[in-house]
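Sequence lines, in order, name chains A and B. Quick note, the first sequence lines up with residues 1 to 731 if you use the numbering used here. Quick note, the second sequence lines up with residues 1 to 161 if you use the numbering used here.
Wrong hints could be hidden among the right ones.
Residues on chain A that point at chain B, a partial pick, calculated with CB under 8 angstroms [to be verified]:
{"#": "1", "residue": "PRO54"}
{"#": "2", "residue": "GLU57"}
{"#": "3", "residue": "ARG58"}
{"#": "4", "residue": "LEU61"}
{"#": "5", "residue": "GLN619"}
{"#": "6", "residue": "LEU621"}
{"#": "7", "residue": "THR711"}
{"#": "8", "residue": "ASP713"}
{"#": "9", "residue": "TYR715"}
{"#": "10", "residue": "LEU716"}
{"#": "11", "residue": "ILE718"}
{"#": "12", "residue": "VAL720"}
Calculated directly from the structure, the hints in this document are not laboratory data. Every value quoted in this text rests on a predicted model; they were computed, and no experiment measured them. C-beta: ideal position from N, C-alpha, C; glycine also.
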Amino acid sequence: MTLSLDLEDIQQQHAKLTGGKALSLSILLQKGFVVPDGLCILTDSYRRFVDTSPLAERIRLELSRKDFQHMRWEELWDTSLRIRNLFNQTPFPVDMAEQLTENIAAKLGGDPVAVRSSAIGEDSGELSFAGLHESILNVTGAENILKQVKRVWSSLWSDAALLYRQELGLEVESSAMAVMVQHFVPGDCSGVIFSQSPLDPDMAVLEAVSGLAKGLVDGEVEPERWNIDRRSGQVQSHVAPSEYRQVVADLGGVRTVHDSRQRDEPLLSNQQIQEVYTVVREAESLFGCPQDMEWTFSTGGLQILQSRPVTAKAEDAQEKRVWNLSLRRSFQNLSELREKIETVILPEMQEEADRLSKRTLKDLSDSDLAQEIGIRRSAVERWTGVYWDDLIPFAHGMRLFGQVYNDAVQPQDPFAFVALLRPDRLESLERNHKLHDMSEYIRRKPVLRNCLKQKPLSQCNDAILTAQLESYLEHYGNFLGIRVNREEQLTQLRILLFEMSDPSQTLNEEQETSNREDLELQYLACFEDADKEQAKELIELGRASYKIRDDDNIYWDRFKALLGQVEELGRERLKGRGVKHNALSADEIMRSLQDPGYRPKFEAHKKRADKHSDVNARQLLGQPAGHGIASGRARVILNPEDLFTLKKGEILVCDAIDPAMTFVVPLTAGIVERRGGMLIHGAIIAREYGIPCVTGIPDATARITTGDRLTVDGYLGIVVIDSRNAASPTV
Amino acid sequence: MRILWQKGEQVSDADNKEFLDQIEQLLASQRVGVLATRYQKTPHQSLIAYISSGDLREIFFVSPLYTRKVMAIEKDPRVALLVDSRQNMEKDFDACIAVTAKGTVERLPEQRLEPFLSQYLDRHPYLQEFVSSPSCGYFLLHVRSYSLVSRFQQVEELSLP
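Chain B extracted, bound-state conformation (with noise of 0.2 angstroms):
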């Protein structure tokens, strides 16, 4: 596994370029990802629908507040979101990549809402109902690390500053 991006360091190398704009397509080209989280000692796993921040270092997503998730959530903070490429395909094992980003998540008053809303909804404008209802809250995952899998079994991490 290769360090590619210690903390304070700067982003300019080329590597760490190659490795972000990966993920960064990766994240663009989705849609969804599986969020873990832990609930009373056990793993949970749901699908939810996000967007990433340009920097990458914010993830947003919306869920209903009476979810094992969020129950999870306001337990334990610490999260991990895969968002991969599959095709459910031979191909995968070696042209599938996945993301995870790790990192703590919280919960958004609505006066910070904005930009993330909006660009949510453009994003996913058919969750439009969805995200209006008063019992879905707003969700901001910041990111510490990613990990990035790539033909069939390389792993590259890098800890963001």
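Chain A with its partners taken away, still in its complex shape (with noise of 0.2 angstroms):
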């Protein structure tokens, strides 16, 4: 089997050998343009990898594990991540190996070398899926390029891909990947040339960027850019960046660094800008319509990285997979947003917070309250756009570093990193221990508690817990933002403590974290030491993404909360009115607050969900999330004041755990969860206290009824259902 082609001898007829970009590149060259030389690892080369070795089955295991139409975009990250650590776990054949290190050195010598994805189908056709594979510079060592040989091979299922498989036609059967291994080039600057903007039929664009082609491709580092005017050549305007940076090689890959010139100096000369432009015309008319090309100026001038079809995008702009397609970020972007969040968002949210919980409520006219509500509706609107728009993304970071990890340390279980990201301190772990003390205090004191079981706390005289609820609330705010007033929260705790308190129970408690600093020195010990303090930087970014994708759910909370205080007050005033109906909206208390003539219309009870057939389900298949077995009564959540119901012992079944759902942890024994990922909160949660937990099982709240009896299994991510053996549920 012939495992690859030098790039001068690709040929029309091997376009299903060599994939899209490299037979462009190869055409290129046989024309006489300049394109680094190298070679085409063939798709013929990547069957025979997945197709000798377990690889095509486990693969096809994996994207069945779930139906794609629920997989969430976590979810299939997860799998993503799941498929990249099956082909590093996975050797080359010894002959296959042999052949490629051989083919390579020959060609290449041992020169630096830019392993690039030519995947079949990727830049032809009508529609453009440019940047769901990976390309990786600046690699060295035939060991080495093999390894990154796999990592390219294995971004054909990258989360991104996964996305779009359907209109991909990806399959285990049909779908492979080819591989140009080419000579390195480091760029002094480089860029992207569209020979006719997709907006503007008479023009042309020109981005460039100081040193490679990656920070601009890659969205990292704002180009230059021109406009040239198709029908005279000559350029017509032309748009300075806002920042200077640039991605340079170094050792064994790549930097994102300042650039020092100066702002007044434009990057390429006229005479540059011409000879790129005249390259991807020429290259227009060799291929017979527009081209997108990437090029780079080096020590032997001006040298084409890759010339395709200029495509509509396959985005529709209003999409979601464009919105979790931007989640996906570089170190750099993401380092920067975690600055943001840190100085600028959670201290202004806490301060807003702060300002609003200190407002007295009860002095207020109607017509001022309606005007409070408005502000703290506000307030929740401002802050969700910037949880959407900052906080989410953020959390791609404990991603970014999973998957260096997984690259560097190649462990056996993809999500080993997780232990590493574990902070000193979550938020909502220390309301949990505030929770916890309080249900010490109450278990030493088996008459308090028995007070505590029959009557109303303010009844039961205990200075003490008195004063350590009230801070609590205080500071916690209302428990998941559910409509109740003061005395009812307290009888909500109180119903939780009690339970909590239960001398003939152990609460979970939290695991160890002995092996966090062995798995660390794990993990550094694989890079040199010039890359060390990068991987370090690395870890901290992802262990500030781990916490504050906690911390960011309570602060938020704190604003939800907020409105329910002063829609509760509003809904008071209304009862004195006789508008005697809990289920008013914001807008309705405010117009009936402002107008006492105004009728107001009620919002209808949600109806409860109910079991969607008369199929049952006796086993259901989700995500291992949390490791461990576990049996107990199912508690299945419908409501937020289902959870004050759950008993010590039993499995939390619910629609998606938020932090400020995770007060109820310590009681149970499993979770089930219907939202997927590994990362989610339940999942992080579930891992933290040790409990066993399987996510992303769809419509577990309908097809599992609270007093079935469960299993969870946490290694397989396998719930079974034995619903004979349901007790009749206990409230």
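Two chains, two separate frames, one set of hints: put the complex together.
Below, the structure is given as structure tokens:
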């Protein structure tokens, strides 16, 4: 079997073996354009690699874990990470590795190389799927090159590619990827040129950055831009970037650094602009359609890195997938986001929440109260926007670290890295410690506990506990943002603490963190001394991402609680006017407060999810998100109030755990969650407590009934339901 | 129905050899069979990935522990395993052969897993993660008899000594 072809030997009939990118470069090379020399590892090599190992079936098993239509982006990312790890773990057949090493050495010697994807159909047809697959620059050493070839192969199954699986026709049987291994060109300046702008057919667009084009392609470095009139070939306008940075070759890879050149100095001379423009127009003539070309200037002059047809983007900008893809951020971008979150967003959230919580509400007139509801609702809406725009994307820091960790350490468990991210302090765990302390206090006082079973706290005459509860509610706000008054909050807390303080039960406690240091040493040992600092920076970024993913929800929940507080007060006042309905929306409350003659409309109660058919589930498959096995009665959470009915040793079954809900985790034996993902809050908190957890079970709360006997297999991601042995739910 | 091999007889008989070869080939050609158990007086069937020993006396399989089939085996270890060569085509009616192995299942402790586990992974390498899970158990079916159905309705049976 031919495993690779030299670039100059590729012909049109090899298209299905080389992919479009390699074929285009080969045609350009053969027509005299300057292209970095190299070879293409054919799709047959990919096929042989996956078919002569268990890889093909293992990929199929991963992909069949859940219907793609029901997968969230996080789950696609998890699937992709697992597949990436499978490639990492699978060795090359010995003869294949030998032959490829020989071919690469014969063509490229020992020079640094670029390892680039060239997937079938990636850049052809009417849609462009550029950027779905990986390219790795500045790679040296035969062993390392082959390792990076596997990494590029695995990107055939990248999270982004899986998002477009249907359009790409991505199937284990029929999909394959070729890989180009070329001389690495350490460009002084590089960029992209569209011979015809997708927005204006009379214009060409040239974009350039200092250093490598990777900075521009990955969206990490803002380019300098020239718009060129296709009719005259003259520059019509020039746009300088707002900041200057560049991606440069560094030991064993690339790095983003500050670009020290002068701001008034254009990156390209007129002659260079014309040179690039002439080359792209010639390529357009050669291929018969406008070209999107990546180029670089180095000591060897202008070289073409790739050229493909200018196509319409596959995405509709309104589509959810576009937002999903925007979550893939670079280290640089995430570092900047971290600074913004830590120094601006979270302090502002805290400051605003503190300020709002200090307002005296009882003396407000009805009209002022309506205004206050409006202010708080705006705050919730504003911070919700920030949550989606900045806080959720920052969660990608964990994922970025996970990828680097897995590439370096190559662990059996692709999620082993999560143990390294655990910070010293999590806001939701702090809150649980306070609950734990209060329950311990009650546990030591049987008379007090007995009183709490029957009577409100105010009648149990315990000043210490009363003070602790007041302080707790002050600090953490309303539970879950449920529309209840303070008296009801105290009742809920009393029920919870009564259950937690049961002397016959032991509460779940957090796991020790002893292996974190070992894992860190093991991870750092995989890097050369010169790269260790960057590896450490990445751990810090991952840890910050892990922590903020938890804390941000707590802060965000405070705003929801603050809004709930004024809405509740509004409802109380309206009751005085005879409007006795708890389901009034904020709008209706505001309007009613401002206009005493207004008759408010009520929101219909949401109907509870019923079992969706007569078909009973006996065993459901999800993702194994927290190791261990637990059996117990199901407690299905359909409304936030249901959390307070949970008994020690029950299995929590819910739609999605958010940090506000984790106060019940010390009581649960296991967790089953509809929302899927290994790095979602439920999975993180389950691992913190060492509780078996299965996530990503569609309709979990509809298919499982409170009282069903469940076994949660947190190793395999299986939930076994024994409804025949179901108990009547205890409330 | 022919009884080819009674308890205490030697296996050297040519008929027996042909019969056993057919079973061996079928078990080797397939990866998955249907395990029949009994749970709370009700029949229950599950697909399992298996390997069989060279002497056809043992069939090894792996299952998550918290499943109906394992609960059934714990209550009543007598099982039947059906393996067949169906291709879901018309010719199945004459060309398909089906073997049922009957016997009792034993759960294997860790120290007795080899060589079964490594042979199992040679046959089903994609199940590495599955078999490594602490929530899986390892089971050995001690075969007492085989029955072989071929040519639509021909049924032959062999009891192992």
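Outcome of the hint check:
{"no.": "1", "hint": "PRO54", "verdict": "holds, 4 angstroms"}
{"no.": "2", "hint": "GLU57", "verdict": "holds, 4 angstroms"}
{"no.": "3", "hint": "ARG58", "verdict": "holds, 5 angstroms"}
{"no.": "4", "hint": "LEU61", "verdict": "holds, 6 angstroms"}
{"no.": "5", "hint": "GLN619", "verdict": "holds, 7 angstroms"}
{"no.": "6", "hint": "LEU621", "verdict": "violated, 11 angstroms"}
{"no.": "7", "hint": "THR711", "verdict": "holds, 4 angstroms"}
{"no.": "8", "hint": "ASP713", "verdict": "holds, 5 angstroms"}
{"no.": "9", "hint": "TYR715", "verdict": "holds, 4 angstroms"}
{"no.": "10", "hint": "LEU716", "verdict": "holds, 5 angstroms"}
{"no.": "11", "hint": "ILE718", "verdict": "holds, 6 angstroms"}
{"no.": "12", "hint": "VAL720", "verdict": "holds, 5 angstroms"}
Violated hint for the displayed structure: number 6, the only one.
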